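Undergrad: If you read the sequences in order, they're chains A and B.
Position 113, counted from 1, in the first sequence is what my numbering calls 113; the numbers after and before it change by one each time, with no gaps.
Position 82, counted from 1, in the second sequence is what my numbering calls 82; the numbers after and before it change by one each time, with no gaps.
The hints are simulated quantities; they were obtained by calculation from the structure and are not laboratory data.
Predicted model, so just to flag it, every value in this text is computed and none were measured.
Heads up, some of the hints might be wrong.
[To be verified] Pairwise CB distance ranges (calculated): (1) B:Pro332 to A:Ile139: 28 to 38 angstroms; (2) A:Gln106 to B:Ile277: 35 to 45 angstroms; (3) A:Asn227 to B:Leu130: 24 to 34 angstroms; (4) A:Thr107 to B:Trp341: 27 to 37 angstroms; (5) B:Pro332 to A:Gly155: 23 to 33 angstroms.
Here a beta-carbon is modelled for each residue, glycine too, at the ideal position from N, C-alpha and C.
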Amino acid sequence: MTPKPDLQALEKAIAAPRGEFHRDYLQVKDLRVSFDGFVAVDGVDLVVTSGDLRFLIGPNGAGKTTLIDAITGLAKATGSATFGGVELLGMPSHKIVRAAVGRTFQTASVIEELSVLQNLDIAAGMGRKSRELLRRRKIVPTEVELALETIGLTGLVNAPAGVLAHGQKQWLEIGMLLVQDARCLLLDEPVAGMSAIEREQTGELLKRIGEQRTVVVVEHDMEFLRNFANSVTVLHQGKVLAEGTVAEVQADPKVIEVYLGETHAAA
Amino acid sequence: MKTMLSAYQKSSLWIWLAIAVAAVAIAPLLLSDFRLSLLAKYMCLAMVAVGIGLAWGQGGMLTLGQGLFFGLGGYMMAMHLKLTDVGPGGVPDFMMLYGNGEVPGWWEPFRSPVLTVILILVVPAATAFLLGWAVFARRVRGAYFAILSQALVAAFSLWLVNQGTSTGGFNGLTDFKGFFGYSLKDPANKRMLYFIAATVLIGMVLLTRQIMRSRFGELLVAVRDQENRVRFLGYNPAIIKTVAYTIAGIFAAIGGALFVPIVGIISPKDVGVTPSILFLAGVVIGGRTTLLGPVLGTIALRFVETGLSETYPAFWTYFQGALFILVITFLPQGVATLGPWLKRMAERYRYRRTKKPAPARAAETIETPQLVGRT
């Protein structure tokens with residue numbers, strides 16, 4: 001049996017209805033990041049509401065990953081980025097995570113020597129007391145079990161994360177975000193290197209997760225974008241070039257010029 | 001399947017514990033008093049190794065300066081023994097000879113046995129915690145951390161030498177007569193010290209085993225392999241590293257404190273840069289990521305060292321060098337991983353003989369975590 005994400009299990013994993021989910025939104029105001037004089041992000045404004053599946057696109061060097069780095073405390077930035085009313089800029093990364101903002105990286109960075117279960121268990125445990133930490137794990141936490149079903153890795157629960165296929169690692173990362181109860185998910189190229197079927201499954205997974213959470217996806221794959229994006233923000237040279245539905249953005253002459261034009265020409 | 005596995009693990013713990021207790025009990029019957037006190041000395045060094053195994057093997061912190069904590073524990077114990085030897089209000093011999101005949105104020109707390117034991121635990125723990133926090137919160141890691149810890153231990157031993165009138169200087173503190181009221185001349189008391197060292201060492205190994213199997217142990221491995229990723233799981237890696245480093249520091253200090261009555265001397269050359277590096281030797285050769293590798297590696301290496309340097313004094317250094325090269329080339333994870341390595345070799349050999357397809361790579365790697373890091 002090839003493992004694949006189980007969407008029915010996901011319903012259970014993210015069912016917990018909370019009023020706050022609907023009020024949550026990510027708001028970025030006049031965000032600027034510069035490295036030694038080079039301006040990577042130049043005054044970006046962005047609002048992503050809960051229930052939206054926002055795709056962030058743009059040519060190489062447009063500042064997509066830097067924007068995510070800035071929001072999650074990896075890159076120093078000026079301006080403002082809030083989620084659920086909490087200012088994120090200036091907070092250390094681990095506290096931003098505790099404010100329910102989670103992210104993944106371009107290269108899947110699961111902890112290879114630990115098992116799938118251990119990876120998820122660590123992700124679920126940031127609120128644990130030190131007394132709990134010094135004990136062994138006796139039972140599998142419920143949220144971990146649900147996440148395992150969701151990402152279709154129940155059969156590989158004791159396998160070291162290092163032996164997983166590339167796509168499975170990315171799913172494990174998404175599972176880790178689910179168990180750490182991130183309500184804002186920033187995903188950096190989650191389907192890079194995946195097969196067509198895996199892309200399809202990941203897209204469905206993200207769509208369902210996006211129904212109740214704030215999800216931002218950085219992606220290069222235009223077909224994936226057309227199939228799953230609710231809305232799109234196009235970045236170019238550190239600035240927002242266009243924003244809207246897929247159709248609106250595709251019809252925008254500026255976007256066609258700097259970005260889609262290249263793709264069309266190539267195709 | 002799951003319950004069978006945990007039952008197996010449980011029984012394996014009891015088997016190992018029984019072997020350890022039996023070995024500790026039999027050793028006095030087989031070894032002369034001289035060899036037995038050597039074994040006790042090596043057990044004290046193995047306590048440092050257990051801590052290094054935790055901080056370096058599990059946590060990835062290359063602790064090149066454990067001599068600092070070993071020395072703190074050792075010197076505090078030595079100060080107490082010196083003061084009790086001369087009785088209440090008395091002044092240790094070397095202070096009469098080289099100093100102004102007065103006991104410095106910071107020696108005074110060590111007249112009390114209770115306070116001494118508390119300070120031996122608290123001072124190194126506080127030092128390690130503050131040092132660890134200052135270093136790891138600033139994200140100093142890898143070689144920079146190793147150099148820093150080594151610079152500190154160099155400064156510490158230099159300070160000990162320079163403060164001759166209050167620390168005994170280059171000669172250190174020596175010539176102890178009693179240990180908490182028991183004469184150190186009596187062979188029965190020396191044997192008792194051996195049993196104390198053995199019990200403490202086994203206790204440390206059991207504690208480390210618990211830490212390695214706990215969720216904290218999993219986190220520590222995660223921090224070692226993916227420090228940044230752990231930050232994005234909502235943890236502060238600096239705290240996790242500091243805790244492991246502090247535990248290693250306390251283990252080293254206890255080792256130093258027991259080293260003093262067993263060996264009868266502590267001097268700057270027991271705590272400086274060279275001994276700090278040698279603490280790593282047994283850990284590397286035994287297997288730093290395993291539970292028992294550092295302990296057995298240290299004790300075995302020191303015995304080989306003694307044996308070889310007694311017979312061929314010039315040969316030991318070459319042997320140690322050759323051993324390092326062999327272990328690092330063929331068993332980079334240490335001798336404790338010899339079993340799995342032999343198994344792999346046997347499989348490869350069988351495969352060549354029969355030309356059967358090799359077992360799936362995945363199945364092979366799934367097994368290893370059971371063998372490495374969990375004993």
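Undergrad: Checked against the structure, which of the hints given earlier come out wrong?
TA: Hint 3 is the one this structure does not satisfy, whereas the remaining hints hold.
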